[in-house]
Amino acid sequence: MEFLSYIIANFKEIISLLIEHIELTFLSVFLAIIIGVPIGILICYVKKLAKPVLAFSNVMQAIPSMALLGFTIPFLGIGSTPAILMVVLYSLLPIIKNTYIGIEGINLQTIEAAQGIGLTKWQILTKVQIPLALPVIMAGIRISAVSAVGLMTLAAFCGAGGLGYLVYAGIRSINNFQILSGAIPACLLALFIDYLLGIVEDLTTPKYAKKEKKSNLGRKIILIICGIIIFFFFLLSLFPKESSSRQITIGSMDFTEQEILSYMIKDLIENRTDISVNQKLSLGSSSIVLNAIKQNDIDMYVDYTGTIYGSVLKKDPNSNVEEVYNISKSQMKELYDLNILADLNFNNTYTLAVTKNTALKYNLQTISDLKKVDQELRFSPTLVFMERNDCWIGLQRVYDMNFKEIIPIDGAPRYLALLNNDSDVIDAYSTDGLLMKYDLVVLEDDKDFFLPYQAVPVVNNKIISEYPEIEPLLKELSTFLNDSVMRELNYLVDEERISPELVAANFLKQKNLIN
Amino acid sequence: MISFKEVTKIFDNKKILDHISIDIEESAITCLIGESGCGKTTLLKMINRLIEPTSGTIMINNQNILKQDVIRLRRSIGYVIQQTGLFPHMSIKQNIELIPKLLKTPKEELEKKTLELMNMIGLDAKEYLNRYPSELSGGQQQRIGIARAFATDPDIILMDEPFSALDPITRVSLQDELLNIQSKHKKTIVFVTHDMDEAIKLADKIAILDEGHIVQYDTPEKILKYPVNDFVKNFVGPEKIWSSPELIKVKDIMIHHPITCRPNYSIFYCINKMRMMRVDTLMVVNEENELLGVLYAENLNNASHQNKLARDFILNDFFVVYPEDTLVDLLKNINIHKITTIPVVDKNNHLKGLITRSTLLTYMSKQFLRDGEE
Numbered sequence: 136m137e138f139l140s141y142i143i144a145n146f147k148e149i150i151s152l153l154i155e156h157i158e159l160t161f162l163s164v165f166l167a168i169i170i171g172v173p174i175g176i177l178i179c180y181v182k183k184l185a186k187p188v189l190a191f192s193n194v195m196q197a198i199p200s201m202a203l204l205g206f207t208i209p210f211l212g213i214g215s216t217p218a219i220l221m222v223v224l225y226s227l228l229p230i231i232k233n234t235y236i237g238i239e240g241i242n243l244q245t246i247e248a249a250q251g252i253g254l255t256k257w258q259i260l261t262k263v264q265i266p267l268a269l270p271v272i273m274a275g276i277r278i279s280a281v282s283a284v285g286l287m288t289l290a291a292f293c294g295a296g297g298l299g300y301l302v303y304a305g306i307r308s309i310n311n312f313q314i315l316s317g318a319i320p321a322c323l324l325a326l327f328i329d330y331l332l333g334i335v336e337d338l339t340t341p342k343y344a345k346k347e348k349k350s351n352l353g354r355k356i357i358l359i360i361c362g363i364i365i366f367f368f369f370l371l372s373l374f375p376k377e378s379s380s381r382q383i384t385i386g387s388m389d390f391t392e393q394e395i396l397s398y399m400i401k402d403l404i405e406n407r408t409d410i411s412v413n414q415k416l417s418l419g420s421s422s423i424v425l426n427a428i429k430q431n432d433i434d435m436y437v438d439y440t441g442t443i444y445g446s447v448l449k450k451d452p453n454s455n456v457e458e459v460y461n462i463s464k465s466q467m468k469e470l471y472d473l474n475i476l477a478d479l480n481f482n483n484t485y486t487l488a489v490t491k492n493t494a495l496k497y498n499l500q501t502i503s504d505l506k507k508v509d510q511e512l513r514f515s516p517t518l519v520f521m522e523r524n525d526c527w528i529g530l531q532r533v534y535d536m537n538f539k540e541i542i543p544i545d546g547a548p549r550y551l552a553l554l555n556n557d558s559d560v561i562d563a564y565s566t567d568g569l570l571m572k573y574d575l576v577v578l579e580d581d582k583d584f585f586l587p588y589q590a591v592p593v594v595n596n597k598i599i600s601e602y603p604e605i606e607p608l609l610k611e612l613s614t615f616l617n618d619s620v621m622r623e624l625n626y627l628v629d630e631e632r633i634s635p636e637l638v639a640a641n642f643l644k645q646k647n648l649i650n
Numbered sequence: 032m033i034s035f036k037e038v039t040k041i042f043d044n045k046k047i048l049d050h051i052s053i054d055i056e057e058s059a060i061t062c063l064i065g066e067s068g069c070g071k072t073t074l075l076k077m078i079n080r081l082i083e084p085t086s087g088t089i090m091i092n093n094q095n096i097l098k099q100d101v102i103r104l105r106r107s108i109g110y111v112i113q114q115t116g117l118f119p120h121m122s123i124k125q126n127i128e129l130i131p132k133l134l135k136t137p138k139e140e141l142e143k144k145t146l147e148l149m150n151m152i153g154l155d156a157k158e159y160l161n162r163y164p165s166e167l168s169g170g171q172q173q174r175i176g177i178a179r180a181f182a183t184d185p186d187i188i189l190m191d192e193p194f195s196a197l198d199p200i201t202r203v204s205l206q207d208e209l210l211n212i213q214s215k216h217k218k219t220i221v222f223v224t225h226d227m228d229e230a231i232k233l234a235d236k237i238a239i240l241d242e243g244h245i246v247q248y249d250t251p252e253k254i255l256k257y258p259v260n261d262f263v264k265n266f267v268g269p270e271k272i273w274s275s276p277e278l279i280k281v282k283d284i285m286i287h288h289p290i291t292c293r294p295n296y297s298i299f300y301c302i303n304k305m306r307m308m309r310v311d312t313l314m315v316v317n318e319e320n321e322l323l324g325v326l327y328a329e330n331l332n333n334a335s336h337q338n339k340l341a342r343d344f345i346l347n348d349f350f351v352v353y354p355e356d357t358l359v360d361l362l363k364n365i366n367i368h369k370i371t372t373i374p375v376v377d378k379n380n381h382l383k384g385l386i387t388r389s390t391l392l393t394y395m396s397k398q399f400l401r402d403g404e405e
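Those protein sequence lines, which keep their order, are chains A and B.
If you want the working numbering, it's the position in the first sequence, counting the first as 1, plus 135.
If you want the working numbering, it's the position in the second sequence, counting the first as 1, plus 31.
Worth flagging that the hints you see were computed from the coordinates, not collected in a lab.
Cβ coordinates follow ideal geometry from the N, Cα and C atoms, glycine included.
Don't take each hint at face value.
For lysine-lysine, the following DSBU-like pairs were computed, each having C-alpha atoms within a straight-line distance of at most 35 Å [claimed, not checked]:
| id | chain 1 | residue 1 | chain 2 | residue 2 |
| --- | --- | --- | --- | --- |
| 1 | A | K256 | B | K280 |
| 2 | A | K256 | B | K339 |
| 3 | B | K256 | A | K355 |
One-sided excerpt, in silico: chain A residues whose CB lies under 7 Å from chain B [claimed, not checked]:
| id | residue |
| --- | --- |
| 4 | A144 |
| 5 | P199 |
| 6 | S200 |
| 7 | Q250 |
Distance ranges between label pairs, derived from CB positions [to be verified]:
| id | chain 1 | residue 1 | chain 2 | residue 2 | range |
| --- | --- | --- | --- | --- | --- |
| 8 | A | T261 | B | S107 | 16 to 24 Å |
| 9 | A | P187 | B | M32 | 49 to 57 Å |
| 10 | A | E239 | B | K98 | 32 to 40 Å |
| 11 | A | T340 | B | Y257 | 38 to 46 Å |
| 12 | B | K215 | A | D337 | 52 to 60 Å |
| 13 | A | I360 | B | K215 | 35 to 43 Å |
| 14 | A | L177 | B | V259 | 37 to 45 Å |
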């Protein structure tokens, strides 16, 4: 029941993501067909090409999808393009292979008869080879389309949206309802597409090859209706949503706080100005979002001074708040022509957390306390934490620490690892609502190792010059924020299962920032 | 007329056809026959240029086909092949109308022609036109194949072992059908087969191929009777002719020099001649070798002493056969007329030979004796 009410509450979002998912999937499969079928035909005629082409598409299939996506982002930026490219590349193999097999498998005598009675090469292809190979080609398209639905869930990683967004956002905030609200429609969509294409496949199988004869009328009607709906969606996707001339795009990283901030900024700007705001949620880690703003895919996002200082500018750890802010601001302008605005008045720094039991058992209060028992404990940091100088690498040096075992786990699941006793220590963000949710003990950074992580808006020049009204709004917002406010807001989303959108809107209303 | 001049085909360094020259007659069925790999199908496929010669020329009606547009050439030639010649994804109607439609035949004409063709091959249009090939029996499929070949009303029709996959009964009925169609339409049909019986039955002329050469090119009759060499003899099979008794002519069986007498010979002389020659009949001929009658020994009993002449005993009411009459005709007549000695004459009534019961017996027993020896 709870799940049902979650679905109802978020119905609009789920449907719009589903539609986005369908659009992306169909566009990809459509492109894959347009590319794959002619290639399949080509390699039937130019035999020399068959091996390399099939080998190439095999290799494409063998590359992990995440890696493929990773390869494309540096060249194509974020958004739907890399996601579509990835799915197209993946979908090619079954289509090319089945086209090739379908045409090659036609009885040679049939082809010779076609030549003998005087059909031209083109007529043989269109009147004999393709119709005869069609059932096999359709089977290939069916495989491609169904796997494309699944693959398209990865699109969320590069900001293309789709149902994957719900799945990943859900995993991040350990919101099972959210995970399911993405996963179930994705499954249903895959099954439905499989069913639809099954009908198409069946209809393309000529009567002669069918064992039983059923009336095709009912299934034809289903097909036609679905075809019309899909075509309609397709048309919609061709016409970009009505865009006002005054429009900006804000990006966000893939955790709860970022989403809440994104919605706050969006609501604030849209409520108080005539600027419309386009959101790109959950793009990924800060480096991906930074890349997006560099490529002008987005106009602004919220980053943290420590992240910029440590991992973008590669500076040595420094706990001086002002120095970090100033150096980050000037360097970002110099290096990337990006502007860092005034901070949002909260510090989401790194910290280490343990369960209450662990804290009691080993009497832990500070990180130095942890050092004493490090050989008995298992540590589950995020991947980012592992690889950064201002995180694990530096921490290890400053505190001279070493754990019994390190099991990197990304995102919120590491909290579960902690609770399930699969791990003893995790890294955490100081504003993380999950700290509150699971009642964890945050260990004090007694050697002032961690950088300050002040939340700061990073904006491009367009925001400064064309939309000067934004900066004061952000300043106004910052006066209502601090660490504990953020933790609470995060808690509302992560624990109370209220959508970030609603949390943001409620907060703004409560503070009379919007009406 | 289709004529091959010095046509050679080399494929993978192997001579499939070696300097073939052959003229294929118009409005007749020509069978190309030989063992597999002899080049018969290659020869056929050169006519619609599915295979092009390495050297040599092929002319149809004195025009070099190698210089013609290949698609137009093929559309002007009917093509029937074994089994899968029909397109499985098209209905019977679509199969038959494929090429006429591409040639933009008007719709009414198309419908009319299709009905005509279905009629020709003896299949009910209403019942079969909307079916798919796989819903038809092998024989019916092949009838449709023939109909499709006739669809553009071509002068030439090529048939590549069209009946070889059918069961014997269907095959025979389709062969009959083909002969029936041919008697009305008089197409130039080139027919590849490996079945000598089929060739003998269908062909006006047979070309026997072996290792890329034409070994013998002649009428079925000549090939059966006068095989040019042992290869043909073996290929045709021993006494193959007995399976086609209509090809055995009276002239093949008859005694070429029957014992004769003149009408003015004395009976005494005649009886003596019969005794000496051990015959019981004499053919009575005049100076021009014209047959006047037959003298039977049984009628001459008690006549030896009489001083009469042969003409007095001539039986005028006798039955004759002609050299070109077939064995079948002959046996029928023997049955009807209950006669045992039949003179053979030409159109001018000149005596050419003689058939007796014993010559028949001798000739017909040859097949069994030959088989027995082997």
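How the hints compare with the structure:
Restraint check for A:K256 and B:K280: not satisfied, since their Cα atoms lie roughly 52 Å apart, outside the 35 Å limit. Between A:K256 and B:K339, the direct Cα distance comes to roughly 89 Å. Violation of the 35 Å bound is thereby established for this hinted pair. Annotation: proposed proximity of B:K256 to A:K355 is violated, straight-line Cα distance about 66 Å (limit 35 Å). Hint on A:A144 is violated. Least Cβ distance to chain B is approximately 52 Å, over the 7 Å limit.
Interface restraint check for A:P199: the shortest CB-CB distance to chain B comes to about 40 Å, outside 7 Å, so the restraint is violated. This hint is violated: A:S200 has a C-beta 37 Å from the nearest C-beta of chain B, more than the 7 Å allowed. This hint holds: A:Q250 has a C-beta 6 Å from the nearest C-beta of chain B, less than the 7 Å allowed. Distance hint check for A:T261 and B:S107: the Cβ-Cβ separation is about 23 Å, which falls inside the suggested range of 16 to 24 Å.
For A:P187 paired with B:M32, a C-beta distance near 50 Å keeps the hint of 49 to 57 Å intact. Taken as a hint, the range 32 to 40 Å holds for the pair A:E239 and B:K98, whose Cβ atoms sit roughly 33 Å apart. The hint said 38 to 46 Å for the Cβ distance between A:T340 and B:Y257, and at roughly 57 Å that hint is violated. For B:K215 and A:D337, the hinted distance range of 52 to 60 Å is not satisfied, since their beta carbons lie about 45 Å from each other.
In this structure the supplied range 35 to 43 Å is violated for A:I360 paired with B:K215, their Cβ-Cβ distance being about 54 Å. Remark: the range hint 37 to 45 Å for A:L177 to B:V259 is contradicted by a beta-carbon distance near 52 Å.
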